[in-house]
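Chain order of the listed sequences is L and D. For our numbering, count along the first sequence from 1 and bump the result up by 1484. For our numbering, count along the second sequence from 1 and bump the result up by 713.
For the record, the hints were derived by calculation from the structure and aren't laboratory data. Built from N, CA and C at the ideal position, the CB exists for glycine as well. Take these hints with a grain of salt, some might be off.
Said to hold, decoys possible - Listed below are the simulated DSSO-like cross-link pairs for lysine-lysine, each with C-alpha atoms no more than 27 Å apart in a straight line:
hint	chain 1	residue 1	chain 2	residue 2
1	D	784	L	1485
2	D	770	L	1584
3	D	770	L	1579
4	L	1579	D	727
5	L	1541	L	1584
What the hints assert, rightly or not - Short, incomplete list of chain L residues facing chain D, as computed with Cβ under 7 Å:
hint	residue
6	1492
7	1530
8	1533
9	1536
10	1540
11	1570
12	1581
13	1582
14	1583
15	1588
16	1592
What the hints assert, rightly or not - Restraint-style ranges between C-beta atoms, simulated for each label pair:
hint	chain 1	residue 1	chain 2	residue 2	range
17	D	773	L	1506	24 to 32 Å
18	L	1492	D	796	30 to 38 Å
19	D	724	L	1485	48 to 56 Å
20	D	731	L	1543	34 to 42 Å
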Amino acid sequence: KNQVEQSPQSLIILEGKNCTLQCNYTVSPFSNLRWYKQDTGRGPVSLTIMTFSENTKSNGRYTATLDADTKQSSLHITASQLSDSASYICVVNSKGTASKLTFGTGTRLQVTL
Amino acid sequence: DGGITQSPKYLFRKEGQNVTLSCEQNLNHDAMYWYRQDPGQGLRLIYYSQIVNDFQKGDIAEGYSVSREKKESFPLTVTSAQKNPTAFYLCASSIDGESSYEQYFGPGTRLTVT
């Protein structure tokens, strides 16, 4: 069964600090991996999409890494801001159509003063 | 929220009533999707449509129905047969159904059934 596991489940950090969120997956065959940011009560917004051949991708202060051999990804947030407080969802797409997405349960990040 | 609108944002219904959630997109996307989000769980696919007048069941289609009469619109009906309809419903679209294309999500509708 395809699965995506994220850790930690929740995280609290001080503004200005860095943090790293983890994603392990067992989806096969692999097509791409996506990270989404979801504010409370809102729809998810895409941060990055990485294919098998990409091992790092940045979007401003967000940097995602992918190790397709170990089936692990991470999302690193640099110099966190209060507006980074949200849930971060890892999504893995198996080959075929876009309907074959497996969603993680997310990491809830809270950035405090 | 990228050109996808969902209405209403909050919806309250009595048990036993059907209710229809609206989803409209102006991105000229061929593919549209409906997901359900429950606390502590990942998004789960209810229905998807890759082209007008065609749609397929997702992983949890029981108790739901959809139509795709126009490219821009993909309404979801939650029927009285859905045993646990209270949830946050998200609509999404992508250029087409190919896996490499990004899905854009709407703002969501929170449905509460009592």
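Here is what the structure says about each hint:
1. Among the hinted pairs, residue 784(D) with residue 1485(L) is inconsistent with the structure: their alpha-carbon atoms are about 33 Å apart, more than 27 Å.
2. For the hint linking residue 770(D) to residue 1584(L), the alpha-carbon distance of about 12 Å falls within 27 Å, and the restraint holds.
3. Simply put, residue 770(D) and residue 1579(L) have alpha-carbon atoms about 18 Å apart, close enough for the 27 Å limit, and the pair holds.
4. With a C-alpha separation of about 41 Å, the suggested pair residue 1579(L) and residue 727(D) falls outside the 27 Å cut-off, and the hint is violated.
5. Distance check on the hinted pair: residue 1541(L) and residue 1584(L) sit about 22 Å apart at the alpha-carbon level, within 27 Å; holds.
6. Taking 7 Å as the C-beta contact cut-off toward chain D, the hint placing residue 1492(L) at the interface is violated, the least distance being around 14 Å.
7. This hint holds: residue 1530(L) has a C-beta 5 Å from the nearest C-beta of chain D, less than the 7 Å allowed.
8. For residue 1533(L), the interface hint holds, the least distance from its beta-carbon to any beta-carbon of chain D being 6 Å, beneath 7 Å.
9. Residue-level restraint check for residue 1536(L) is violated (minimum Cβ-Cβ distance to chain D is 11 Å; threshold 7 Å).
10. Hint status for residue 1540(L): violated, given a least beta-carbon distance of 18 Å to chain D, over 7 Å.
11. Proximity of residue 1570(L) to chain D is violated relative to the hint, the smallest CB-CB distance being about 13 Å (cut-off 7 Å).
12. The interface hint given for residue 1581(L) is met, as the beta carbon of that residue sits about 4 Å from the closest beta carbon of chain D, less than 7 Å.
13. Restraint check, residue 1582(L) versus chain D: the minimum CB separation of about 5 Å is within 7 Å; hint holds.
14. Evaluation of the residue 1583(L) hint against chain D yields a held restraint, the C-beta minimum of about 5 Å falling below 7 Å.
15. Because the beta carbon of residue 1588(L) sits about 6 Å from the nearest beta carbon in chain D, less than 7 Å, this interface hint is met.
16. Hint on residue 1592(L) is violated. Least Cβ distance to chain D is approximately 10 Å, over the 7 Å limit.
17. One distance hint, 24 to 32 Å for the beta-carbon pair residue 773(D) and residue 1506(L), holds here, with the actual separation near 27 Å.
18. Checking the proposed 30 to 38 Å range against residue 1492(L) and residue 796(D) shows it holds: the Cβ atoms sit about 32 Å from each other.
19. Our hint of 48 to 56 Å for residue 724(D) and residue 1485(L) is violated, since their Cβ atoms are close to 32 Å apart.
20. Taking 34 to 42 Å as the suggested C-beta distance range, the pair residue 731(D) and residue 1543(L) conforms, at roughly 41 Å.
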